[in-house]
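A.B. asks: Note that the working numbering numbers the sequence shown so that position 81 is 81, with each residue one more than the last.
Source of the hints: derived by calculation from the structure; they are not laboratory data. Note that the coordinates shown come from a computational prediction; the quantities given were computed from them, not determined experimentally. The C-beta atom is built at its ideal place from N, Cα and C for all residues, glycine as well. Watch out, some of these pointers could steer you wrong.
[What the hints assert, rightly or not] Taking CB as the label site, the calculated pair distances span:
| id | residue 1 | residue 2 | range |
| --- | --- | --- | --- |
| 1 | E368 | S680 | 50 to 58 Å |
| 2 | D100 | T540 | 52 to 60 Å |
| 3 | L280 | E368 | 28 to 36 Å |
[To be verified] No more than 20 Å apart at the CA atoms, straight line, and that leaves these computed lysine-lysine pairs for PhoX-like:
| id | residue 1 | residue 2 |
| --- | --- | --- |
| 4 | K165 | K647 |
| 5 | K263 | K59 |
| 6 | K357 | K173 |
| 7 | K2 | K89 |
| 8 | K449 | K413 |
| 9 | K2 | K173 |
| 10 | K545 | K225 |
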Amino acid sequence: MKHVFFLSASTLDSGLSSVALGVFRSLDRKGVRVGFCKPISQEFMGAGTQDPSIALIRKSTGFRAPDSLSLEEAQRFVREDRVDALMEKIVALVETSFEDVDVMVVEGLLPSIDDSFLTGINAAMAQALNAEIILTHSFSGISFAELEEDLEVAASAYGNSQNEKIIGAILNKVFLGDAPDQEASLVNQSPINAHPTSQSLLNDRAKLLEFENQVIQECSIFRRKDFDLIGCIPWNDQLPNIRVSDVARELGARVINEGHMQKRRVRSVMLTARHVANILELFEAGTLIVTPNDRVDILITAALATHNHVPMAGVILTGSQEMSPRLKEMCQSAFDAGLPVLQVDSNSFETATRLSKMRNFIAADDEERFNTTCDFVARHLRESSLRERIETKMPDRLSPPAFRHRLSKMARKSVKRIILPEGEEPRTVSAASICARRKLAIPVLLGDKAAIERVATGQGVSLDGVEIIDPAIHRERFVENLVERRRHKNMNTSQAREALEDNIMLGTMMLANGEVDGLVSGAIHSTAHTMRPALQLIKTAPHAKMVSSVFFMCLPDQVLVYGDCAINPDPTAETLADIAIQSADSARQFGIDPSVAMISYSTGESGAGADVDKVREATRLAKELRPDLVIDGPLQYDAASERSVAKTKAPDSPVAGNATVFIFPDLNTGNTTYKAVQRSANVVSIGPMLQGLRKPVNDLSRGAWVEDIVYTITITAIQAAAVAASAE
């Protein structure tokens, strides 16, 4: 996956969208091929509408940002306990634009006290996208100690601030001193209203640099390695604010007079019912007055201000009583001069409450505000910090959702026929139905059609797109072929006919003869039962010394490859080297950059004995045979997997701390390790996938779940496509 910056808000008022779009603008104007994605939108999107951020990116930059999922759709996935499926969908969404960019800026969800799951979804998205996380936080009316505490709390959603994926923070709306005093009205507490600029850093670059240095000195979090202060964006009440038309749309207001509502911007909102003589100072540029509709004096005063060339934002009249024709006539000249007037049925208090909750977002059609805000944010970012991250990119870690999405994408490119000899087994029938529906393969169930249909009905699944082959009809035509293939073992017709009573043998014969592209079995049969016909009829590939296996271990933050955990009990050094090479090639085939660790009970030259000597020799042979691969050993598991341990035990190793392929010295170690990791860490393991055969045959665990079978069919289809490609 390419480089991803994930923008996460620590507070509701952090200006997340503006900062995310500013990061996009900063990289874009420096010539970086950058894209933007907002996987889940918290805005209400009616039919045919887009999230404002997505619409603005498309209109202003030409980049075809993908459509967002709605928050309601994401919530449904969570309620149904299908977070993994949601993450796969999000990975697919982000990757739709990856071909055209080198860096993707992803906007996360705003936190909410009403939806505690949003923080968890943010963490899951960042992990699924293998993203580097940038925290955004507003700095207004808080101390440095409070800032540090807030950032630590925000980082805790992703583990903690020591997480190497959290690369720093951007401070937005930086305003020195206490929060400004405001009247205790609901409207004046609205984010629409601006702070005064008396203590802002807007026009004093030296003062801003001094503030940045003070932040770094006072907050120890910024003195940690690889946690940067990426930007300080000062409060600027001169930036374009929301328009009256945005307010009208939010309130569902009736437009008494449109005037200049598409251009007039709201700098402050004032709710008043006081005597007009006491509020004359409110009738100024950018003020939106909210007043009961029977306060004719206030509307007329607003009209007089308009005549005196005061560009007020407008007037909102509350209450359902209609304006009299005579009043409209008296105000017509002000209406013609552009004064916007709206009316809502709710009373003044209810209207004020709604305005106080209105988010100060950039509307989808407000390109002026979008460009001005993006440019302002971009100017105050340390673009060099972002560029350094891109140029010194950390090793790729393919997350489980990204891996599963990649499997599905690869399988759909070349749909293959995969035979399932255990065709009447319920889990297998369900898996076949899913694969057909997702177009991952053409599943071929081997079994009695009536029995399979009864199972499907009982499981409540469709057999559309699933082929069914009755073994009784096809056995006889393979008898002579099997005799010929096993003539060197003195097989006769009677023995062949008996052998073909076994559906796995029959399915393997169909594979050997090219009637299907791959085989998956083992849900109710042993590994030996699945493997024996494959070794007899399919045989090993020309480049392979033997057949081995790998498991794809879907850890929370990445997918690792374990080999061999299912086939070879006690491999020699030569065999172990071959397993390492096969496993590295399998990893690369499925999108995992192979960094191969040869596992032993000691690291480097620290141990001796026959077992560690075998691993040392296997490492030498593998390097000699494939100098293009990154291989090292012997390495203990912790030295191979943990960077902190690697620094001490194997500081010069090119693999230690970053291993993606783990080669175990024998079956006892491999099988025990994979099961211990799988069960104790609740890790999904896909496999075993067999490697080294001429055509793909894969074994299932007898405890396999339906989804396990689905992914085994998928990887078999991908292997079959690779076999077909190599034969061309």
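A.B. asks: Could you run down the list of hints and mark each one as holding or not?
C.D. replies: Hints, verified against the model:
1. E368 <-> S680: 50 to 58 Å: Taking Cβ atoms as reference, E368 and S680 lie about 57 Å apart, which means the hint holds.
2. D100 <-> T540: 52 to 60 Å: violated, 42 Å
3. L280 <-> E368: 28 to 36 Å: holds, 31 Å
4. K165 <-> K647: holds, 19 Å
5. K263 <-> K59: holds, 19 Å
6. K357 <-> K173: holds, 19 Å
7. K2 <-> K89: holds, 17 Å
8. K449 <-> K413: At roughly 29 Å apart (the allowed maximum being 20 Å), K413 and K449 break the hint.
9. K2 <-> K173: Violated - the C-alpha atoms of K173 and K2 are around 31 Å apart, more than 20 Å.
10. K545 <-> K225: Not OK: K545 and K225 at ~47 Å, beyond 20 Å, violated.
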